[in-house]
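Start from the sequences, fold in the hints, and give me the full structure.
Sequence order for the protein chains is A and B.
Heads up: the first sequence begins at 72 in the numbering used here, then just goes up one per residue.
Heads up: the second sequence begins at 17 in the numbering used here, then just goes up one per residue.
Honestly, the hints are just simulated from the structure, not real lab data.
Be aware that one or more of the hints could be misleading.
Pulled from the structure, derived: some chain B residues nowhere near chain A, Cβ distances all over 10 Å [as the list claims (entries may be wrong)]: (1) Ser25; (2) Asp28; (3) Lys31; (4) Ser58; (5) Pro59; (6) Asp81; (7) Gly83; (8) Asn84; (9) Ser99; (10) Arg110; (11) Glu192; (12) Phe205.
Just a few of them, taken from the derived set where beta-carbon distance is under 7 Å, the chain A residues facing chain B [stated by the list, open to error]: (13) Ala98; (14) Asn99; (15) Val101; (16) Ala102; (17) Leu105; (18) Asp106; (19) Cys109; (20) Thr136; (21) Ile140; (22) Leu143.
Glycine included, C-beta positions come from ideal geometry on N, C-alpha and C.
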Amino acid sequence: MTKADSPDFQQNEDKGPSSSERERRLANAVAGYLDVQCQGGETDIEGYCRLHPDLEPDLRIEIETLDQIEHLLETPAFSSQGDPDEDELPQSLSGYKILGEIGSGGMGRVLLATDLRLDRKVAIKTLKRQYLNNASLRARFMQEARTMARISHPNIVRIYSLGQPDEIPYFVMEFLEGTTVVEAAQALTLHQKVELMQKVVLAVEFMHQHQVIHRDLKPGNILVGPDLEPKVLDFGLALHVGKGDKRLSHADEIMGTLTTSPLSRLGVMLRLMREVTSSRWG
Amino acid sequence: MESATSTFSLIDRLKSGDTAVFPALFQKYSHRLVVLIHYRLSPEMRLFVEVDDVLQETFLKAFRDIGNFTYRTPGSFMSWLASIADHVIADMARYQGRHKRHAAEHVRFRTDSNPQGPEPADTKTPSVLLAEKERILALIKRLNMLPEDYRQVILLAKVEGFSTQEIAMQLGKSTESVSLLLHRAVKRFRELLNSKSSQ
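Printed below as a string of structure tokens:
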């Protein structure tokens with residue numbers, strides 16, 4: 072594909088035809104972060120993102136993507152932050168036998184384990200080895216666990232417990248068997264899809280009522296089990312805000328209309344989904 | 017980007033005659049160079065030149081000429097290695113049609129028959145090398161899925177380590193335009209990552 076084929080740059084002069092003010096500011100912030108790195112300066116994602124609170128979570132996501140590329144380019148033995156792919160699975164964590172890895176994200180990885188006392192499968196999220204000494208990421212990781220602990224809802228993944236202080240940072244969650252909402256939807260009728268999404272919306276409303284904004288709601292973070300029950304997961308970017316925070320007000324207003332007609336409820340759900348998922352949905 | 021201090025220190029020790037740091041210094045840049053060399057080789061050249069051959073030849077020339085290198089900025093060593101790789105590729109292109117050369121035939125790293133040569137740049141076990149190679153191939157595969165201008169700006173920023181101002185000068189664009197291009201490139205790269213593993 073050539074530059075001319077690049078959809079974002081068709082008819083592009085200098086700034087691009089559709090670049091909004093926010094996009095330009097986001098682009099400048101990402102470039103600023105890169106330039107600090109280029110000069111050999113120390114970069115702290117948390118601190119840098121705090122300088123641009125209105126660009127969250129997009130700024131953080133782009134910076135983490137840049138760091139992911141950086142990790143791929145670093146030679147593991149000489150990487151200052153280690154190699155995520157060479158993190159060996161622990162054999163066990165107090166009371167849990169590790170069976171394997173379910174998935175891996177920006178700063179954490181999710182392991183499948185057996186709770187030896189209750190004899191059930193659980194999912195354990197751990198902080199990647201290269202971030203163990205990063206105080207801000209450790210704090211954010213623990214914040215994720217605390218955020219999850221605040222909310223108990225049948226359509227939101229449940230947290231069971233926090234790891235021991237003398238082990239790597241981890242927390243234990245319910246193990247979900249299922250598939251992403253997009254894959255699951257392929258086999259569903261329209262009515263089933265609407266019912267499923269209504270459950271997701273109500274789960275999001277529940278979060279908002281508890282002052283939690285997910286901020287990373289996307290198909291990959293909604294699993295659907297064999298019983299067609301959706302579960303919202305991955306609170307790595309979630310934000311807990313105080314009452315009266317402006318960021319909750321719009322969603323609350325929308326949710327306040329949910330008891331109206333089925334048609335308007337569908338419209339409300341779509342509007343809400345568009346709001347909470349920003350541009351990354353579809 | 018890499019730790020400037022450690023790179024500076026390693027170069028300083030190597031220039032002082034401490035050849036034991038050679039593998040550490042060059043392995044540190046091997047992944048970046050592999051990606052860079054891959055994209056500097058034309059499709060035709062890839063038929064008769066191996067990336068590994070260019071990499072080894074580049075390392076050997078850098079080892080021999082390290083005395084001529086002056087550390088100026090954190091990115092200057094990578095730029096220097098890139099320029100050597102360009103020369104190596106140009107030299108190899110002149111050999112096109114003669115015969116395919118392999119690293120072992122022309123690279124004089126330390127072997128039983130060449131005990132005075134420098135320590136091989138790669139001293140890792142085959143399994144580690146294979147795992148690293150797969151990682152880089154996965155990165156290249158994703159980069160190949162990007163539009164050309166997106167890939168180019170990511171290569172300039174992350175592989176060659178240029179600042180947005182330097183990229184702007186190279187591409188003849190404004191820094192704001194380069195920032196937007198980079199932002200959109202990273203966003204698209206992220207989408208590619210997400211499409212591979214959705215959780």
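Phe205 (chain B) and chain A, when compared Cβ to Cβ, separated by more than 10 Å: violated (6 Å)
Run the C-beta distances from Gly83 (chain B) to all of chain A and say if the shortest one exceeds 10 Å. holds (23 Å)
Is the interface hint satisfied for Thr136 (chain A)? The criterion is a beta-carbon contact with chain B at less than 7 Å. Result: holds, 4 Å to nearest chain B Cβ.
Does Cys109 (chain A) pass the interface check with chain B, least Cβ-Cβ distance below 7 Å? holds (5 Å)
Would you say Arg110 (chain B) is clear of chain A, with no C-beta pair closer than or equal to 10 Å? holds (29 Å)
Please verify that hint: Ala98 (chain A), Cβ, nearest Cβ of chain B, below 7 Å or not. OK, holds: Ala98 (chain A) within 7 Å of chain B, min 4 Å.
Distal placement of Asp81 (chain B) relative to chain A, Cβ over 10 Å: holds (21 Å)
So, Leu105 (chain A) near chain B? Judge it on the closest CB pair being under 7 Å. Result: holds, 6 Å to nearest chain B Cβ.
Please settle this one: Lys31 (chain B) was flagged as non-interface, so is its CB more than 10 Å from every CB on chain A? holds (19 Å)
Should the hint that Val101 (chain A) touches chain B count as held when the rule is a Cβ pair under 7 Å? holds (5 Å)
Least C-beta distance between Asp28 (chain B) and chain A, which was stated to exceed 10 Å: holds (15 Å)
Going by Cβ atoms, does Pro59 (chain B) stay more than 10 Å from chain A at every point? holds (15 Å)
In summary, the structure is inconsistent with hints 11 and 12 from the numbered list given earlier, while agreeing with the others.
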